[in-house]
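Enquirer: Using the sequences plus the hints, can you model the full thing?
These are the residues of each chain, in order.
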Amino acid sequence: MLRIAADLFSGRPNPVWTVDDEARVRETLRALSQEESLLTEDVPPNSGLGFRGFRIQLFSDELAQGFELGSSVYLPVGRESRGPRSDELGERLIGLLGQEGTSVRMQDELPPLEAPLQQFLTTELDYSASQSFTAAASVPDIAGEQPEEAAPQATCFYEHAPYNPGFWNNDSTVRWCNNCYNYASNWRTDNFAQPGLGCGSVYQALRCDEVTRAARCDGVGRRYIDCFPDPEKPRWLIALVVGPGYDYHWYRYVSDGFWGHKPGATAVTNLDNSNVVIKDPKTANRGRYTDFCGYFYSCRTQQRRIRGYGC
Amino acid sequence: MEIEVDLYSGRPNPRLPLGGEAAAELVRRLAALSSTAHGSPATGLGYRGIRIVNESDEHPFAEVVVSRGVVVVRDRQGGERRLGDPDRALESWLVDVVAAGLEPDTARYVREELGSV
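In order, the protein sequences belong to chains P and C. Here my numbering is used: the first residue of the first sequence is -8, the next is one more, and so on. Here my numbering is used: the first residue of the second sequence is 1048, the next is one more, and so on.
In short, the hints are calculated from the structure, not lab data. We put the CB at the ideal spot given by N, CA and C, even for glycine. Watch out, some of these pointers could steer you wrong.
To be verified - Partial pick of chain C residues on the chain P-facing surface, computed with a CB cut under 7 Å:
#1 TYR1055
#2 SER1056
#3 GLY1057
#4 PRO1059
#5 ARG1062
#6 LEU1063
#7 THR1090
#8 GLY1091
Unchecked claim - Per label pair, the in silico range of CB-to-CB distance:
#9 C:GLY1125 x P:ASP12: 33 to 39 Å
#10 C:SER1087 x P:VAL34: 40 to 46 Å
#11 C:ASP1152 x P:ILE133: 19 to 25 Å
Expert: Dropping the structure here:
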């Protein structure tokens, strides 16, 4: 048996559900153990108010065999999450609520939640994920402060995260199975994401206009034009370049004042082909990627939509 | 065994099966190489090298990366050996092996990068 508690309330008791189906317990433990780097022993200190995570408890060591997990682990989400896949794992744990063999501990004497438990938790988890980048201040995208290719028609806001190449480089599956589009979107799919595939209209030619069209179909926005609202956080500033007829490539702006990129299945780096830190992809040494297509915004909807053919 | 030409960033790299005599020849050529402590595979945008992935237990290695005069051989236990590839001879041979399966422009570009045209 697996017991899961959604750790989100401050006053009222947290929702708790138990999973008795052995196969489902093993599937869940396998998913958790494959993402061990996202787990902690307990709730992170100073997690504050809101959806902090999930406490997962096992009641015998028999089911835990082969998964390298202790009797209790914690999955931080939202602001305290250890990686972009934490919320996906959280969604999976919430999804167990609708399955046969799962029972919920109800507090009948308390006022009911605003919605059925599964729907309520999904909404709260989404909200928590959208707030996870409010700690890193949003940046107004104003002309002159960053490289630009056109006069701004609006002031949009975007987020930027610290440069964290280890997330992409240390695990060989993550490194080999995620490309520049994954890195720019800051969303690991492990299947080499292709612009437009997630929305059903993958690029048909390796030209700026066509890759741009496909990425916009996924939900990428044009800089200064397609401003995304707060629920679309994290909104990353990204850039697209193309080697006509050859390939495309994406970069992402990071907090440290430079741009990171992931050349295919190789390691994430902040250096260009001249081994110079990338201050602007437009002027960086890009080798065969001669055409600069422009700056764009990635957003939450696009990140959740992207996918590839496989790895 | 599959051979992958590592040259793209966004689109998937070309990947072709490598079997029969070519696979046996690769094993022979690897056995003839000496260890090295110098050099590292190419990084960055553009052609970086050749990667061979071996999913079967027929050969003792899981992955071989041949790039810029260095051959990195990885086994299934996570062990790694570095061999020298003088004059990039192994890399050139692998490009010859795979060239027929590439788009003509791509094959030409890879050969140019190798300096063999």
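Enquirer: Could you work out which of the previously given hints the structure breaks and list their numbers from low to high?
Expert: 5, 6 and 11
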